[in-house]
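> Residue strings, one per chain:
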Amino acid sequence: MDRYDDIVVGSGVSGLTTALILGMNQRRVLLIEKSPAIGGSLSRFYKKGIPFDTGFHFTGGFANDLVLLDMLSVLSIKDDIQPEFVKYPEDNQFIFEDQNRSFTFHQGFEQNKKEMLAYFPHEKKAINTYFSKVKSIRENTKAMNIRADFEMQPPMDEDSISLKEMLDSLTENKTLKTLFSAFSMCHGTEPSKISFANHSRVTYSLYESIARVKNGGNAFIKAFKNRFKKYNIDIKTNTFISSCEDIEKRKVGTFVLNNGSKLKAENCIFTIHPKEILKTFREENTSRAFSDRVNGFEESIGFFLTFIRNTDKNQKPFNPGITTLYPYNDMNKMFDPQLKEDLPLVIVRNSEKTKNGNINLINAFELSHWNHVKAWADSSTGRRSREYKEYKRKRTNRICKRIIKAFPEYKGYLEVIDSASMLTFRDYLNNPQGSAYGIKQKIGQFNLFGRVQYKNTFAAGQSAILPGVVGAMMSGFTICRYLLSKDVYIDFIKNQLQKN
Amino acid sequence: MSDQIETMINEVFEESFEIEKEDLKPEANIFEDLGLDSLDVVDLVVALQKKFSVEIRTDERIKDIRTLEDLSKFIKELKSES
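Sequence lines, in order, name chains A and B.
Everything in the first sequence is counted per this note's numbering, starting at 697 for the first residue and increasing by one.
Everything in the second sequence is counted per this note's numbering, starting at 7 for the first residue and increasing by one.
No lab work stands behind these hints: they were computed from the structure.
Treat the numbers as computed from the prediction; the structure is a model and nothing was measured.
Ideal Cβ placement from N, Cα and C applies to all residues, glycine included.
Okay, derived cross-link-like pairs now, BS3-like style, lysine-lysine, Cα gap no bigger than 30 Å in a straight line: (1) B:K69 x A:K1138; (2) A:K1029 x B:K56; (3) A:K1029 x A:K820; (4) A:K971 x B:K56; (5) A:K860 x B:K56; (6) B:K85 x A:K1138; (7) A:K889 x B:K56; (8) A:K971 x A:K730; (9) A:K1090 x A:K1036; (10) A:K1101 x A:K1049; (11) A:K889 x B:K57; (12) B:K27 x A:K1151; (13) A:K1051 x A:K783; (14) A:K889 x B:K85; (15) A:K860 x B:K85; (16) B:K69 x A:K889; (17) A:K1151 x B:K69; (18) A:K1107 x A:K1085; (19) B:K57 x A:K1138; (20) A:K975 x B:K56.
Quick look at which bits of chain A chain B covers, simulated, 3 or more residues with Cβ under 8 Å: (21) 979-986; (22) 1149-1156.
Under 7 Å between C-beta atoms, here's a sample of chain A residues computed to sit facing chain B: (23) P851; (24) R946; (25) R989; (26) F1142.
Make a model of the complete structure from these sequences and hints.
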C-alpha cells in the first residue's frame, strides 16, 4: 500500500499552495484532482485558438498591499506570475444604469478615497470613516500578513456587524452605499449577510491595485507544476477519495481512491467545496450535527459568463480594464435570486497575443443564481435541452446589448465566441451548484476550516476563510502553519522571503 | 421553563449526535460519558445556537462546560441575559 505524509485533495489554487508548501518542507505529498487536469478554476480554455479565463479574471494584492506577492515569493514563483495592472481611471469604472451616471477611479487606496470625496463633497465624514475602518481592519488582521508572528486572533467587533448595518450607520446616500459595496461581486455575498470585517479584508487590496495576470490562471498552473517536479510531489488526476476506511479513535486508517487503490497518510487536506467534503465522509458516517452544519451553508453567487471578441481592426489593443454595470442603486436588491433580468454585469477587457496577432477580448460576467438554471440540473454538458440553449442565447444577447449601451463604439464589432452558465461551471469544476466563490461568507458562520470530522482530516480552500485567489492561498498557508508546527513554518517563511 | 431547556438540550444530543435517551443524565460528562470528541464541539455549538437562537460563538464560558448540567446552566444564563 502506498504511503504518503500528506494527501491534498483538489488542485485549485489552495490545493496547489498547500501541496507545494508541504513538499518544500520535505514531506511526501500526493495531490489528487477529480478532473482530467489540475488547476480548477485557474485553468483557461481555448476556443478558436483564443484563450479565455474560467474563474480567475483579476485580483488585488500585487501592489502596496503585498499579501499576494509575499505568498508568491515564499513559493518561489513570483517571477512566473506577471501582473498586468489596471492603470487608467477609464479602465476602473462603475456605471449606474438607472441614473445614467458613471464613476471612475485611479488605483490606490488613498486615491480612491480622495476621488470618492470629490464625487460626494457633502459626505466627508462618512467617506473618511469608511476608509479608515476598512484600513484598520485590514491592518489588524494578522493572518493576512504572512510576515507576522501571530497567535489566533479573537473576532473583531466588525466581524459581527454586517456591511449593510455599517453603511446604514454612515450615510443615507444610496449611491455612495452602492459604491462602498461595489466589490461585493468579488466575494459573492450580499451586504446584509457579509460582515463589515470580511468585506474590508477583501476590498482593501482591490482599492490598492487591480491586476490581471499574463496568461491568466495558466501562469499559476505552469509555475506550480515546475515546482512540483523539484519536490517530487505526486499528482493523480481523474482521482478522488471514494471512502475513508479503518477508522480508529477518530482517525482515518486508509484512504480509498475511486480506482480502488488504498493509501495510508498522516494527514489528508481537503481543499474542495464543503459539500463535496461531506460527500467524501459520507453522511451516514458523520453526526447529524456535522451534516446539518455543512448542508446549512448557502452557496455564493455565480456568474453567467460570455466570451466575446472585439473584431474592430481600428481598435487599439485593450488595456486591462474592468467596467461594472449596476442596473439598480441597491446592492442587496441586486443579489435577490428572484431577479431574472439585468443583474450586475462585470465587463473585463484585455488583449491577448495569439498566432494571428493581437486580439481584443471581453469577458462579460453577469451575476447569476442556481435557480436560473435549476430546471436543467439533470442534464450534462453537450446534452442540454433546446430550452436551455434558448436561455443561453437570450441572456447572451441581452448582455451584448448592455455592453453596447455602455460602449457604443463596439457596435457591430462584438463576436460572441462562447458562453457559460452555472451548469457549465458545475460540470467542469465539480462544484455542486456552479457557484463562483464556494459558500457565502455569512456573519457568525462556522466555516469548515482546520481539522474536521477526523483527527487526520483537514479543510481549507476558498470557502474556509475568504474567497478569491488571495483568500484561497491564505487558507493553504494557515493550514500548513498548523501541520508543520508553528516554529518550522515561521523559519520557512522567513528563509524564503529572504531568498526571494 | 428550566425543564424545557434541559429537554431541548437532550433533544440536540439525541437528534444531532444519536445518543440514547437513558444516557442523558444531568451529571453525564459530554466527552467522557457521551463520547463526543473535541472535533464535535463546533458542530455542537452550531446545533445549540440554532435550537436556542442564541450567540455562543465568542463566549468564554463554554470552555468550562463539562456536563449536561453545566450546559443547561450556561444556556439559562445566556437566555436570562438576552
